[in-house]
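J.: Here's the letter readout for the chains.
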Amino acid sequence: MKKTHIATLKKERFDDFISALARLQKVVAPVARGNGQFAFEPVVSGNEIALDYIPTILPPKKYFLPQHETLATFDTTKGQQMEPVVAYEKMVIFGVHTCDLAGIQSLNMIFSERPKDVNYLIRKSAITIIGYECNDYCDEYASCRLVHNHTPNGGYDLFFTNLGDKFIIHINTQAGDDIIESAGLFEPAQAADLKALEQLRSDKRKLFANEVPVVHENIPEVFAKSFNSKVWEDLGKKCLACGNCTNVCPTCYCFDVIDEPNLDLKTGKRYRRWDSCQSETFAQVAGGESFREERGARQRHRFYRKFKYPMNKFSRLFCTGCGRCSRTCMAKINLKETLTQLVKEQAMTDLKAGNQ
Amino acid sequence: MAKPKVAFFDFACCEGCQLQVANMGELLFDVLGAIDVVEFREVMSEKGPDKIDVAIVEGSITTPHAVEKIKKIRERASVLIAYGSCATIGGVNGMKNNFKLDDIRKEVYGKDAKYFETIETMSVPQVVKVDYLVNGCPVYLPEFVKVLKAALAGLPYQVPDYSVCVECKLNENVCMYQKGVTCLGPVTKAGCNSWCINNGNICYGCRGMVSNPNEKGAKDVLEKYNIPMDLIVNKMNMYNKCREIDQREQKKR
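Taken in order, these protein sequences are the chains called A and B. With the first letter of the first sequence counted as 1, position 130 gets the number 130 in our numbering; the numbers rise by one all the way through. With the first letter of the second sequence counted as 1, position 188 gets the number 188 in our numbering; the numbers rise by one all the way through.
With the rest of the complex left out, here is chain A (with noise of 0.2 Å):
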């Protein structure tokens, strides 16, 4: 890191900084919304932002990629005529923790393959994204050491490490500088300030410990093998297929296609809504015939998504560790005890190969 894209913020100037920054365009930060849950949503002061914060109730997923989004209009009158449509708007989010930056880097990858979503990354090149790192865990629910993403491995425009009395900013890119320069309100970083951010990641080192009996690198070989584990088969017990796993996800990004008239029936929009693997129709085709009918097969779907088919495809876990999908699940499916006991049963099944 060169000391050019190095700045400090004194925290008196925080509030200031973030209303400047909000008379400019739309800023979207984690808010709580008590009982001790917090969402992203519009702020126009400093003040308003919860900095010690869990992950949100929904990830910031939903600025790229909204619960419900038209794509087209249409109008039968002309044909089979139709407009697409991108709504967009400029934005900054900010707080975004190093997990969740995680989850907009994987949906950058699945969304410019081709063929390109093009809604998808108009709306990504209107938004800028300024970090957030996170000291400590936020609670027993995160897996982010196993995966590697406790500390920031790219993805923002700024990424802003909280030093106590000020907050130390990485610039990463042109915009994130742009916003430095036009605050006026960031110093420069003297050589104790970097001295104190290198001591909190060496302090983080040894806060942070693998939650997981198992390395990184090892997972996609535990998936390999797991296929017919009955760990899934226990899942599908438990799981409600209430889908809250997949929608709070920052890497599932499933949805679903709909074109609806309007009253004339002559015009009408397409739009897509978020959709997901869990629900009872979600593989289900004509005839009635479903592909995964069992909760248990879901289940195991999903956990596939996350650790095993986006690494043949993009050599990258799409579990980010954020820890949302155990924290919302009321059957209390909890990802870190269903890798455990993978890995534990993997372990077993070795163990009673060698002996023989």
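It should be emphasised that the hints constitute simulated quantities derived from the structure, not laboratory data. Only a predicted model underlies this, so the values are computations on that prediction, with no experimental measurement involved. Idealized CB from N, CA, C, for every residue including glycine. Treat the hints with caution; some may be incorrect.
[As the list claims (entries may be wrong)] Restricting the straight-line Cα-Cα distance to at most 25 Å, the calculated cross-link-like pairs of lysine to any residue (SDA-like) are:
1) A:LYS238 <-> B:LYS51
2) B:LYS216 <-> A:GLN341
3) A:LYS166 <-> A:SER19
4) A:LYS62 <-> A:ILE122
5) B:LYS179 <-> A:PRO42
6) A:LYS332 <-> B:ARG248
7) B:LYS3 <-> A:SER19
8) A:LYS238 <-> B:TYR225
9) B:LYS129 <-> A:ILE122
10) B:LYS3 <-> A:GLN80
11) B:LYS51 <-> B:ASP36
12) A:LYS238 <-> B:GLY180
13) B:LYS146 <-> A:ALA286
14) B:LYS146 <-> A:ALA297
15) B:LYS71 <-> B:ARG248
16) B:LYS235 <-> B:GLU223
17) A:LYS269 <-> B:GLU223
18) B:LYS149 <-> A:VAL285
19) A:LYS238 <-> B:GLN247
20) B:LYS219 <-> A:ALA297
21) B:LYS216 <-> A:LYS62
22) A:LYS26 <-> A:VAL118
[As the list claims (entries may be wrong)] Facing chain A, from chain B, some residues (calculated, C-beta under 8 Å):
23) VAL31
24) GLY33
25) SER45
26) PRO64
27) TYR162
28) SER163
29) LYS169
30) GLN178
31) VAL181
32) VAL210
33) SER211
34) ASN214
35) GLY217
36) GLU223
37) LYS224
Position chain B against the provided structure of chain A, taking the given hints into account.
T.: Quick look at chain B alone, frame taken from chain A:
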């Protein structure tokens, strides 16, 4: 092309779902632009013709007379839409099925009970073939308009067969269970855009249960949250008592 003739009918209900249509506001003009309302007791005195295109039926079937009447409506209508919880799943009228019919009659009509024949409460689809369902107590107007458009266009409408939690999560509400309140969202069919929870209320299960609920799993969840089973059964039966009629029929087969 002449506008489709649409008639509203009601059986045992509070007629509140029909009131939702009357109270639709500006959207009502668009709806009236697309249909010709030929019968609607709540807003007009005219009676419709023998043949109607769409019958929208509110209320549950609770007397032999109602059985005859709904059969006649079915004969008159090309398309029949069951409208509101009472019509689609029996709704609150189903609570009648907790008691003996004779006791019920005496309680309601006293010494004149013998003049009033009664039967166990049934939903409309438990009596006649129904083409579309608009669940809810009351109906959720955006869904009603969606169903109406499907009916007019001759397209199918699938009531979502996933739980209210899906829409609730998309609306980013704080989960009621996290607030320590019991909510029927996890086992109730979506389609209402989690209307009640968005406004601070719980889900009462007015849209009926999902087709394949994980009953064992749901019981485990209740245990974890220390919620007594009979409390949930009572809550569930408020709207879903008529479900037992379908379960009985399934056993016979």
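J.: Does each hint hold? Answer for all of them.
T.: Going down the list of hints, with the structure as the test:
1. For the suggested pair LYS238 (chain A) and LYS51 (chain B), the alpha carbons sit about 51 Å apart, so the restraint of at most 25 Å is broken.
2. Among the hinted pairs, LYS216 (chain B) with GLN341 (chain A) is consistent with the structure: their alpha-carbon atoms are about 22 Å apart, no more than 25 Å.
3. A C-alpha spacing of about 17 Å is found between LYS166 (chain A) and SER19 (chain A), which places the hinted pair at or below 25 Å, so the restraint holds.
4. Distance restraint check for LYS62 (chain A) and ILE122 (chain A): the Cα-Cα separation of roughly 14 Å lies within the 25 Å cut-off, and the hinted pair is therefore satisfied.
5. Note on LYS179 (chain B) and PRO42 (chain A): the hinted pairing holds, with a Cα-Cα distance of about 24 Å set against a maximum of 25 Å.
6. Restraint check for LYS332 (chain A) and ARG248 (chain B): the C-alpha separation of about 33 Å exceeds 25 Å, so the hint is violated.
7. Under the criterion of a C-alpha separation no larger than 25 Å, the hint pairing LYS3 (chain B) with SER19 (chain A) is inconsistent with the structure, at around 55 Å.
8. At roughly 14 Å between alpha-carbon atoms, LYS238 (chain A) and TYR225 (chain B) fall within 25 Å of each other, so this suggested pair holds.
9. Distance hint between LYS129 (chain B) and ILE122 (chain A) is unfulfilled; the C-alpha atoms sit about 48 Å from each other, more than 25 Å.
10. A hinted pair counts as satisfied when its Cα atoms are at most 25 Å apart, and LYS3 (chain B) with GLN80 (chain A) qualifies at roughly 24 Å.
11. Under the criterion of a C-alpha separation no larger than 25 Å, the hint pairing LYS51 (chain B) with ASP36 (chain B) is consistent with the structure, at around 13 Å.
12. Between LYS238 (chain A) and GLY180 (chain B) the CA atoms are separated by roughly 20 Å; this keeps the pair inside 25 Å, and the hint holds.
13. At roughly 22 Å between alpha-carbon atoms, LYS146 (chain B) and ALA286 (chain A) fall within 25 Å of each other, so this suggested pair holds.
14. Our distance criterion of 25 Å between C-alpha atoms is broken by LYS146 (chain B) and ALA297 (chain A), whose separation comes to about 32 Å.
15. Straight-line distance between C-alpha atoms of LYS71 (chain B) and ARG248 (chain B) comes to about 22 Å, which keeps the hinted pair within the 25 Å bound.
16. Proposed proximity of LYS235 (chain B) and GLU223 (chain B) is supported: the alpha carbons are some 16 Å apart, at most 25 Å.
17. Taking the CA atoms of LYS269 (chain A) and GLU223 (chain B), the gap is near 45 Å; set against the 25 Å cutoff, the hint is violated.
18. For a cut-off of 25 Å, the pair hint linking LYS149 (chain B) to VAL285 (chain A) stands: about 24 Å separates their Cα positions.
19. Taken as a hint, the LYS238 (chain A) and GLN247 (chain B) pair is honoured in the structure, with Cα atoms around 23 Å apart against an allowance of 25 Å.
20. The straight-line distance between the Cα atoms of LYS219 (chain B) and ALA297 (chain A) is roughly 21 Å, inside the 25 Å bound, and the hint therefore holds.
21. Taking the CA atoms of LYS216 (chain B) and LYS62 (chain A), the gap is about 33 Å. The hint is violated against a cut of 25 Å.
22. Straight-line distance between C-alpha atoms of LYS26 (chain A) and VAL118 (chain A) comes to about 22 Å, which keeps the hinted pair within the 25 Å bound.
23. A hinted interface residue such as VAL31 (chain B) counts as satisfied when its beta carbon comes closer than 8 Å to some beta carbon of chain A; here the least separation is about 6 Å, so the hint holds.
24. The restraint placing GLY33 (chain B) at the interface with chain A holds, with a minimum CB-CB distance near 7 Å, inside the 8 Å limit.
25. Interface restraint check for SER45 (chain B): the shortest CB-CB distance to chain A comes to about 26 Å, outside 8 Å, so the restraint is violated.
26. The beta carbon of PRO64 (chain B) is not positioned within 8 Å of any beta carbon in chain A (closest approach about 36 Å), and the interface hint is therefore violated.
27. Contact between TYR162 (chain B) and chain A, as hinted, is supported at the beta carbon level, the nearest pair being about 4 Å apart and thus within 8 Å.
28. Taking 8 Å as the C-beta contact cut-off toward chain A, the hint placing SER163 (chain B) at the interface holds, the least distance being around 5 Å.
29. At its closest, the beta carbon of LYS169 (chain B) sits 4 Å from a beta carbon of chain A; the interface hint therefore holds under the 8 Å criterion.
30. Contact between GLN178 (chain B) and chain A, as hinted, is supported at the beta carbon level, the nearest pair being about 5 Å apart and thus within 8 Å.
31. Nearest Cβ of chain A to the Cβ of VAL181 (chain B): about 10 Å, over the 8 Å cut. The hint is violated.
32. At a threshold of 8 Å, the smallest CB-CB gap from VAL210 (chain B) to chain A is about 7 Å, leaving the interface hint in force.
33. Annotation: SER211 (chain B) was flagged as interfacial toward chain A, and the flag holds, the nearest CB pair being 7 Å apart, inside 8 Å.
34. For ASN214 (chain B), the interface hint holds, the least distance from its beta-carbon to any beta-carbon of chain A being 5 Å, beneath 8 Å.
35. Hint status for GLY217 (chain B) relative to chain A: holds, with the closest Cβ pair at about 5 Å, below 8 Å.
36. Against a cut-off of 8 Å between C-beta atoms, the interface hint on GLU223 (chain B) is violated, since the closest Cβ of chain A lies about 11 Å away.
37. Contact between LYS224 (chain B) and chain A, as hinted, is supported at the beta carbon level, the nearest pair being about 6 Å apart and thus within 8 Å.
Hint compliance for this structure: hints 1, 6, 7, 9, 14, 17, 21, 25, 26, 31, 36 are not met, and every other hint is.
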